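Trainee: Take a look at the letters that make up each chain.
Number of protein chains: 4
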Amino acid sequence: MQYGMAFIEHITPDESLIRRMGRVLVSGKTPFQEYCLFESGGFGKVLMLDAEVQSTERDEYIYHEALVHPAMLAHPDPRDVLVVGGGEGATLREVLKHPTVQRAVMVDIDEELVRVAREWLEPWHQGAFEDPRTELHFADARAWLAASEDRFDVIVLDLTDPVGEENPAKMLYTREFYELLRARLNPGGVVVTQGGMLLLDRYQVHTVLHRTMREVFRHVRSYRDWVPGFFLTYGFIVAADGFDPSAYSEGVLEARILERQLKLRHLDAPFIEAMFVLPKDLKGWIAEETLISTDARPFYLTHEGEARVAGRSPYAD
Amino acid sequence: MQYGMAFIEHITPDESLIRRMGRVLVSGKTPFQEYCLFESGGFGKVLMLDAEVQSTERDEYIYHEALVHPAMLAHPDPRDVLVVGGGEGATLREVLKHPTVQRAVMVDIDEELVRVAREWLEPWHQGAFEDPRTELHFADARAWLAASEDRFDVIVLDLTDPVGEENPAKMLYTREFYELLRARLNPGGVVVTQGGMLLLDRYQVHTVLHRTMREVFRHVRSYRDWVPGFFLTYGFIVAADGFDPSAYSEGVLEARILERQLKLRHLDAPFIEAMFVLPKDLKGWIAEETLISTDARPFYLTHEGEARVAGRSPYAD
Amino acid sequence: MQYGMAFIEHITPDESLIRRMGRVLVSGKTPFQEYCLFESGGFGKVLMLDAEVQSTERDEYIYHEALVHPAMLAHPDPRDVLVVGGGEGATLREVLKHPTVQRAVMVDIDEELVRVAREWLEPWHQGAFEDPRTELHFADARAWLAASEDRFDVIVLDLTDPVGEENPAKMLYTREFYELLRARLNPGGVVVTQGGMLLLDRYQVHTVLHRTMREVFRHVRSYRDWVPGFFLTYGFIVAADGFDPSAYSEGVLEARILERQLKLRHLDAPFIEAMFVLPKDLKGWIAEETLISTDARPFYLTHEGEARVAGRSPYAD
Amino acid sequence: MQYGMAFIEHITPDESLIRRMGRVLVSGKTPFQEYCLFESGGFGKVLMLDAEVQSTERDEYIYHEALVHPAMLAHPDPRDVLVVGGGEGATLREVLKHPTVQRAVMVDIDEELVRVAREWLEPWHQGAFEDPRTELHFADARAWLAASEDRFDVIVLDLTDPVGEENPAKMLYTREFYELLRARLNPGGVVVTQGGMLLLDRYQVHTVLHRTMREVFRHVRSYRDWVPGFFLTYGFIVAADGFDPSAYSEGVLEARILERQLKLRHLDAPFIEAMFVLPKDLKGWIAEETLISTDARPFYLTHEGEARVAGRSPYAD
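Residue numbers (this note's numbering), protein chains in the order written: chain G, 9 to 325; chain B, 9 to 325; chain A, 9 to 325; chain F, 9 to 325.
For the record, the hints were derived by calculation from the structure and aren't laboratory data.
From a predicted model like this one, the values you see are computed outputs, not experimental measurements.
Fair warning: there could be bad hints in the mix.
Given that identical chains are not distinguished, each listed pair holds provided it fits within a single copy or across any two copies.
As a list, the in silico DSS-like pairs of lysine-lysine whose alpha-carbon atoms are at most 30 Å apart [to be verified]:
#  : residue 1 : residue 2
1  : LYS288    : LYS37
2  : LYS291    : LYS37
3  : LYS37     : LYS271
4  : LYS271    : LYS288
5  : LYS288    : LYS53
6  : LYS288    : LYS105
7  : LYS53     : LYS291
8  : LYS37     : LYS53
9  : LYS271    : LYS105
10 : LYS105    : LYS291
11 : LYS271    : LYS53
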């Protein structure tokens, strides 16, 4: 281990990661979060938000391709797309790769962070904020959706985990929020969300999210991918009413990738299909989950990693 | 992060992991390595060898199932099995789950570590060392194989990575070593090896190993799995001459799992199949590799993570 | 920095020390504290209590000589000596070096820790617990003193800092406690206590202690010494009624050291005198302190290092 | 311990300090060293050079007063003063406080660092670089002195420790260098140097320096002070030919402080006197040192803290 600047990152209450830092490019505090962008040895620039890595220059394509394309490819003709969160602009960038898209609305609460991203994160957004199809709103996503009458073909949720009792993000993980999303989908619409880390038995964000979405959508499917820059495998969940968004054959996926002329670095049709095949233990943990997050009793994780609703363990009720 | 005892683990030259330690159960130094077994919060007992995690009580089943069963299930009737390394006894334990096995030979260089394992790692070996089918040898695996005339249906290599110029393990990753293994296989035999971490562009152990094995075996297939206790996705490589060991259908795998009444926690037939489906970027890195590790110019990684043969960068030749 | 076992120690809320650990000799938890004894590179065996270093084998003589001898040498004929705390037995060992001592009473709350010390800390106690002049009591020191009618020539307080609102040690730093001590002194008696770290403006344990003792004793004098194993300079305070315990000339100190045939490694007469000469800034901080710790409003430090009485900042009243 | 940016600082090969970092104000690399200036909780701005703390905003007055004034006060009328090193400008600032000074020459090898200091370290230099008595030279001090015929009343050496075999600073710690300094002193002149950390038996920089200076100067005296921001007690050495620079009585010191109207925060006459009184163990270690650093066999410390001359242990000859 070398001496000098380092970033000490929370992974679990028992494990932390020390990342050696090169030059700090920019750091500061918005009304919503602290941010720090620094150079690293193996991952290029690293963006930290509130002491957790958000994404790294060299591997962000993995997370963002995995988040966006399974849902976008499941839809035969995604024209109107909503991105919630995703301040770096890379989720938007992946959405805009689909030539079917006519309107890409991004709603993020943190205007200042997006301003920092525009200036400093060009490798992430690659100009996506300037695309004529892009429409930016700085607002609480839930309030914005409640006030809007817009309908979307695909909604991509790129949110931080609901960690901390005071974290307003926990209201973006409840049954009522998913009901609101469902009401904003066009017929045949698809929702996808990042779904928390999958670390042995520290997976409750994923399983509660899965269970809660099952209350609202007919088809809910989990998939997962290894994100090197997080040193974690992350879960994702895709949901729809009209059809099973994971049921497409390799042939259909391959045809759509070709038709839309998508340039992908990490995904191809067989791998998209394989991401949905979960190991046996994880399938069991998802199946056994009983907790539904609701506005009255929203689910969150404590900073120590314990699952909670309304201040209590949800499994003790 | 909490104060107190911690284990600072090398992951890459730029990233380290701090694991909070509970009680140290046993620690010491054999002629070959330092070891330390301690209690942890999320992973139960953790076994460190030479400052890198070897396995953890609560997730070791993932690594050991992933290492052993794809090869064992690819063989229709594995009777004679060789395990090289694997001092904890868990690889042996998984091998012995197959009722077809009549003889399980384990060759490990470190007798003292196996003695420690027998006493302290019961959750790992679960009595495998006492199974009447087990035959233990404490020897350098290459010398032992050269001197032996035994033939095996499956050979499982559970070795440490070839890190450090002086590390003798690098001679267990060369073409000549694989030729020796091939000569010790029965017709229809299968070899499987752990294949290094897959961390963005820090994957050379995997790609060089894959490329080198291709020189020797007709069919060489990579697969991968997420190992939570390592905070890494690990590669594995299975090789055979008579048939493609990854080409079995879910149906065949499922039938063999049932026939052999295997109790698996992590693997099932669909997931075994899916592990072999690699992301596009990784397929490219494997395909582009040109380096072959040979006895004359054995491949190794420096402690700084640089690929080397004979002290030089192998790609500059 | 090297990989492997490390002890991460709280120094301030902003600075921590990472000590590389060799073998753990013993670790555990008594009803009062967690302990861990491990081997280190530069300091020999290191004893940690509740994640702070208590003392190290190779430099403990510095702390213990500095704590004990200025008070013992200030007294012309210390016969009855009380040690409060000091579980390792090294304070007792230094007291017993004075041939004038006829009775050395040690009161420590933690019987189990003393048992561990007897077994594992021979370099510290060097048999002091077995000295026929030694009398051990396992009790809360304040309760024991209140119940006892014994009188002492020197009282040595070797206590942990009053950190944490719930820490009962804070009741051993109040005016009423010092009044109790004063009542247990023979005429001409002397009290000495460790007096907290002196780290720029993180010195409140020292200044409040000094100020509080001034309420009770006529002569109160601070001195300080650098304790390498703590990576800190520590304060000490000696108090008496009959005479100024720091006013002895080098000549008198030297004569008493010779008379008592003290074998000292760190102290000699000129250095004892010099320890009492404080830098100008520290003299100012001591002089400016106004806070008196009382049973009704006992002083303590929060774990974040903030000074508090009854849950509030003492300087805001 | 909190998550986020941290500076991991080498103290010894076995102990490191983690300093929590606030905002990074400036960082970079000159031809001679890496630098980083960041905000901290307890010490204000912290300046790191090559991963070791150089000084902190809130406690730098301690180190710089201790380095400069004992030598300056030992001289009855210091007019021409040379500062070697001391890029922050604080040593120069303390020198210039003496109204007797007519010319203060500072020679530092690192022009870029001084440029950074002028811009960012105002609390350190406080305009000293602009004082009309100041004369700045950017050069190797030894070459500059060899080429110059100037004579000085006081020379202050504010150099980094001779760590690393390739470190050119080791040539500023040899007998021949001190002979050159001696030749550049006016009659009655005084030299003072920082003298390395005093950490139990990791004190060789100090003792070798002391021993080497004894070869050149008639009077060589060590003193020491606790530097909170280093978490270390540091040694200093003052040397002269005409008189013992530590032999002044408190009265004389006090008179000179008054005459020169020095505003000091840390030092006063009694404390200056007391700094020269060393503990018994340290006096012994200094007396036992036999090694003399010479141009032919210059002394240095390895990065692991081992004493070396010409690549070998100096005590094995």
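Trainee: When Cα atoms must be at most 30 Å apart, do LYS291 and LYS37 count as within-copy, between-copy, both, or neither?
Mentor: The answer is neither: 39 Å in one copy and 39 Å across copies each exceed 30 Å.
Trainee: Is the C-alpha distance from LYS37 to LYS53 at most 30 Å within one copy, between copies, in both cases, or in neither?
Mentor: Both ways: LYS37 and LYS53 sit 18 Å apart in one copy and 19 Å across, limit 30 Å.
Trainee: From the Cα coordinates, with 30 Å as the cut-off, is the pair LYS105 and LYS291 best called within, between, both, or neither?
Mentor: Answer is between: at 23 Å across copies they meet the 30 Å cutoff, but 32 Å inside does not.
Trainee: How do LYS288 and LYS105 come out at 30 Å by Cα distance, when the copy is not named: within, between, both, or neither?
Mentor: Result: close only across copies, 18 Å inter versus 34 Å intra.
Trainee: Taking 30 Å as the upper bound on the Cα-Cα distance, should LYS271 and LYS105 be classified as within, between, both, or neither?
Mentor: Answer is within: at 8 Å inside a copy they meet the 30 Å cutoff, but 45 Å across does not.
Trainee: Cα distance capped at 30 Å. Does LYS271 pair with LYS53 within a copy, between copies, both, or neither?
Mentor: within (23 Å within a copy, 45 Å between copies)
Trainee: If the cutoff is 30 Å on CA atoms, where do LYS53 and LYS291 land: within, between, both or neither? Let me know, please.
Mentor: between (35 Å within a copy, 25 Å between copies)
Trainee: Evaluate LYS37 and LYS271 at a C-alpha cut-off of 30 Å and name the case that applies: within, between, both or neither.
Mentor: Classified as neither; 35 Å inside a copy, 39 Å across copies.
Trainee: Quick one: LYS271 to LYS288, C-alpha cut-off 30 Å, is that within a copy, between copies, both, or neither?
Mentor: Answer is between; shortest inter-copy Cα gap is 11 Å, intra-copy 32 Å.
Trainee: For LYS288 and LYS53, with the copy left unspecified, which applies at a CA distance of at most 30 Å: within, between, both, or neither?
Mentor: This pair counts as between: shortest inter-copy Cα distance 23 Å, intra-copy 36 Å.
Trainee: At most 30 Å between CA atoms: does that hold for LYS288 and LYS37 within a copy, between copies, both, or neither?
Mentor: neither (42 Å within a copy, 37 Å between copies)
Hints 1, 2, 3, counting from the list given before, are not met by this structure.
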